Each structure stands twice: as C-alpha cells, then as structure tokens.
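**Q** Sequence:
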Amino acid sequence: MLAFLQGGADALPDDIELLRQLYLETAYYRLNGMRVAIETKVRDKSLPPSVLAPQLPGAPSLDDEDLLRRWGRIGGSRGPPPRGAAALKAQQDTEAAAK
Numbered sequence: 001m002l003a004f005l006q007g008g009a010d011a012l013p014d015d016i017e018l019l020r021q022l023y024l025e026t027a028y029y030r031l032n033g034m035r036v037a038i039e040t041k042v043r044d045k046s047l048p049p050s051v052l053a054p055q056l057p058g059a060p061s062l063d064d065e066d067l068l069r070r071w072g073r074i075g076g077s078r079g080p081p082p083r084g085a086a087a088l089k090a091q092q093d094t095e096a097a098a099k
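In the numbering used here, the protein residues as written are 1 to 99.
No wet-lab data here; the hints were simulated from the structure.
All values derive from a computational prediction rather than experimental measurement.
Hints are supplied without guarantee of correctness; some may be wrong.
Ranges between beta-carbon positions, derived for each pair [to be verified]:
no. : residue 1 : residue 2 : range
1   : Asp93     : Val51     : 40 to 48 Å
2   : Ala96     : Pro13     : 35 to 43 Å
3   : Pro48     : Lys89     : 20 to 28 Å
4   : Lys99     : Leu47     : 26 to 34 Å
5   : Glu95     : Leu2      : 33 to 41 Å
6   : Ala96     : Arg30     : 21 to 29 Å
7   : Leu88     : Leu18     : 21 to 29 Å
8   : Lys45     : Ala98     : 31 to 39 Å
Positions of the beta carbon are idealized from the N, C-alpha and C atoms, including for glycine.
Using the sequences plus the hints, can you model the full thing?
**A** Shown next, in the form of structure tokens:
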C-alpha cells in the first residue's frame with residue numbers, strides 16, 4: 001500500500017493474488033483511489049472483475065455483470081461490494097423495494 005501511495009498506479013503488483021489482497025484491504029481502509037486503480041489494472045489486463053472477489057468456501061458465486069452492477073459500473077449505487085450474506089440480503093431487499 002505504501003508503494004502505491006508514494007508511486008501511484010505503476011507501483012501496483014502484476015500478481016493477481018496480491019492485487020486481490022490489496023483490493024480487500026482498500027475496501028477495509030476505504031482507499032477509493034487505490035481501489036479504482038486496481039480495478040483499472042484488472043480491466044486493462046482484460047481480466048473479469050470476479051478475479052478480485054474473495055474466494056470463500058461455500059460462498060455463492062456472482063457473475064461478472066452482477067459484480068459490475070453492484071460496484072456501480074452498470075446502474076445501481078457506487079461503492080465497494082457488499083460484505084457477507086446479511087449485507088447481500090439487505091441490498092437485495094432495498095433494490096426490490098425500489099422497484
């Protein structure tokens with residue numbers, strides 16, 4: 001993280017696993033500039049956004065379009081992806097109530 005804050009997007013690693021770990025930390029510390037830089041790097045490498053999603057055993061998988069929608073790239077609200085099943089259910093309830 002310090003390398004990014006000192007050197008910008010050029011300091012981000014090329015390793016996808018490291019990018020995933022950094023991405024999770026940017027959500028925790030609310031470093032939106034770094035989060036966007038990681039998303040841009042993944043997009044520039046022509047990788048699906050799902051490579052940044054944590055791989056949790058037993059967790060439901062989300063397709064890339066759903067991730068983009070949740071991250072505010074296709075309609076919806078901006079912000080990091082929801083955390084956990086309770087947050088996902090709350091977001092779905094909110095979206096259903098808005099319709």
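**Q** It remains to establish, for every hint, whether it holds in the given structure.
**A** Results of checking the hints against the structure:
no.: 1; hint: Asp93 - Val51: 40 to 48 Å; result: 28 Å, violated
no.: 2; hint: Ala96 - Pro13: 35 to 43 Å; result: 39 Å, holds
no.: 3; hint: Pro48 - Lys89: 20 to 28 Å; result: 24 Å, holds
no.: 4; hint: Lys99 - Leu47: 26 to 34 Å; result: 32 Å, holds
no.: 5; hint: Glu95 - Leu2: 33 to 41 Å; result: 37 Å, holds
no.: 6; hint: Ala96 - Arg30: 21 to 29 Å; result: 27 Å, holds
no.: 7; hint: Leu88 - Leu18: 21 to 29 Å; result: 26 Å, holds
no.: 8; hint: Lys45 - Ala98: 31 to 39 Å; result: 34 Å, holds
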